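Residue numbering for the sequence shown follows our numbering, beginning at 1 and increasing consecutively.
Keep in mind the hints are simulated off the structure, nothing from the lab. Since this is a predicted model, take the numbers as computed values, not measurements. Do not rely on the hints blindly, as some may be mistaken.
[Unchecked claim] For lysine to any residue, the following SDA-like pairs were computed, each having C-alpha atoms within a straight-line distance of at most 20 Å:
#1 Lys233 / Val244
#2 Lys68 / Leu78
#3 Lys299 / Thr339
#4 Lys124 / Ile96
#5 Lys112 / Leu355
#6 Lys124 / Thr339
#7 Lys326 / Glu219
#8 Lys124 / Thr204
#9 Lys233 / His202
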Amino acid sequence: MSSKSQRILFLVPYPLGIAPSQRFRFEQYFDKLTEAGFEFDVKPFLDERAMIYLYEPGNFFRKVWKVKLGLLKRFLQLFSLGKYDYVFIHREAAAIGPPVFEWLITKVFRKKVIFDFDDAIWLKNTSTTNSVITLFKRYRNANDTCKWAWRVSCGNDYLSDHARQFNPNVFVNPTTIDTEHHHNQVKQFSGEKITIGWTGTHSTIKYLDALIPTLKKLEGEFDFRFVVIADRKPDFDLKGLQFVPWNKQTEIDDLLKMDVGVMPLENDKWANGKCGFKALQYMALGIPAMVSPVGVNTKIVDHEMNGWICDTPDEWEQTLRSILEKKTDLKDFSAAARTKIEGHYSVKSNTSNFLHLFALRGPENG
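Build out the structure end to end from the sequences listed, making use of the hints.
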């Protein structure tokens with residue numbers, strides 16, 4: 001690298017430290033970028049107040065105002081592009097409309113754009129609380145941005161296969177966990193009442209619906225807790241349900257309450273684009289993961305080694321039953337789970353791959 005520091009502009013949807021997709025895809029690499037000699041600025045489309053309005057029903061005019069404000073800020077930011085060598089766009093430059101900013105940045109200002117995404121964002125999948133955004137969202141923006149980008153960074157093979165239809169310079173940059181500074185504790189099993197757990201948001205809690213009848217049936221035979229860590233309390237008829245409001249300050253301690261973490265999914269196009277984040281979080285803390293055989297889950301979890309891959313309701317029931325009967329030694333699974341994440345899905349193991357997104361020669365996994 002030359003003596004002059006190279007500069008990166010991160011155009012992101014949300015304020016720093018809030019959205020998991022940002023925290024675990026690039027925010028945790030900021031120190032690594034600084035150590036490598038890069039300078040960078042981060043410009044969110046939405047501010048923290050907008051985030052509050054966005055995920056609440058109503059507030060139509062406030063949402064519209066915040067989106068308009070985001071568009072104005074993006075327009076003004078175009079005039080500072082001259083001082084940057086790279087522009088890293090996570091998911092989209094603007095929440096609504098056609099990819100005008102992406103086109104201007106690549107075609108008019110001729111900037112090297114790294115386009116990063118970790119979901120099948122070319123498909124419609126928006127929360128009902130964001131209906132104001134749904135009305136004006138253009139889902140094929142992702143395909144256009146893939147086509148114009150200098151380099152595309154995708155969270156898994158399913159996403160990268162889609163992106164390669166539009167751009168040959170596509171690289172898999174997995175969602176990773178900071179096992180040294182954040183997820184740096186390991187589950188200690190007490191041998192007492194088993195705790196099954198799930199973490200997520202109101203938009204993904206629907207995937208638990210298929211598992212609830214199995215949990216309810218097992219409650220009739222076993223005494224166990226079912227912990228849900230989320231931004232909203234679920235309406236599940238389970239006597240062992242324990243709701244824990246998600247809190248960034250306590251999220252690690254809250255996750256460590258689990259003995260086993262579950263991640264059921266439907267086998268659809270949207271779910272295949274997901275990057276296994278729940279399983280990664282569980283396993284990084286030495287919590288064995290029980291997952292559906294959808295997408296990248298089958299690469300993250302090694303069946304009956306560091307977790308379980310369960311497809312049918314009967315497989316879910318039999319695996320949970322074995323755990324609740326304490327026929328399974330969770331400690332052996334725990335060590336293997338932690339090792340898998342440290343070796344393949346940690347910041348430490350992926351730093352070189354991430355930094356090469358900004359090198360003239362790209363990552364070797366493309």
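Taking the hints in turn, this is what the structure says about them:
1. Between Lys233 and Val244 the alpha-carbon distance is near 8 Å, which keeps this suggested pair within the 20 Å criterion.
2. Distance restraint check for Lys68 and Leu78: the Cα-Cα separation of roughly 16 Å lies within the 20 Å cut-off, and the hinted pair is therefore satisfied.
3. The suggested pairing of Lys299 with Thr339 holds, with an alpha-carbon distance near 14 Å, which does not exceed 20 Å.
4. Between Lys124 and Ile96 the alpha-carbon distance is near 13 Å, which keeps this suggested pair within the 20 Å criterion.
5. Restraint check for Lys112 and Leu355: the C-alpha separation of about 15 Å stays at or below 20 Å, so the hint holds.
6. For the proposed pair Lys124 and Thr339, the alpha carbon gap of about 36 Å is over 20 Å, so the pair is violated.
7. Straight-line distance between C-alpha atoms of Lys326 and Glu219 comes to about 15 Å, which keeps the hinted pair within the 20 Å bound.
8. For the hint linking Lys124 to Thr204, the alpha-carbon distance of about 14 Å falls within 20 Å, and the restraint holds.
9. Between Lys233 and His202 the CA atoms are separated by roughly 8 Å; this keeps the pair inside 20 Å, and the hint holds.
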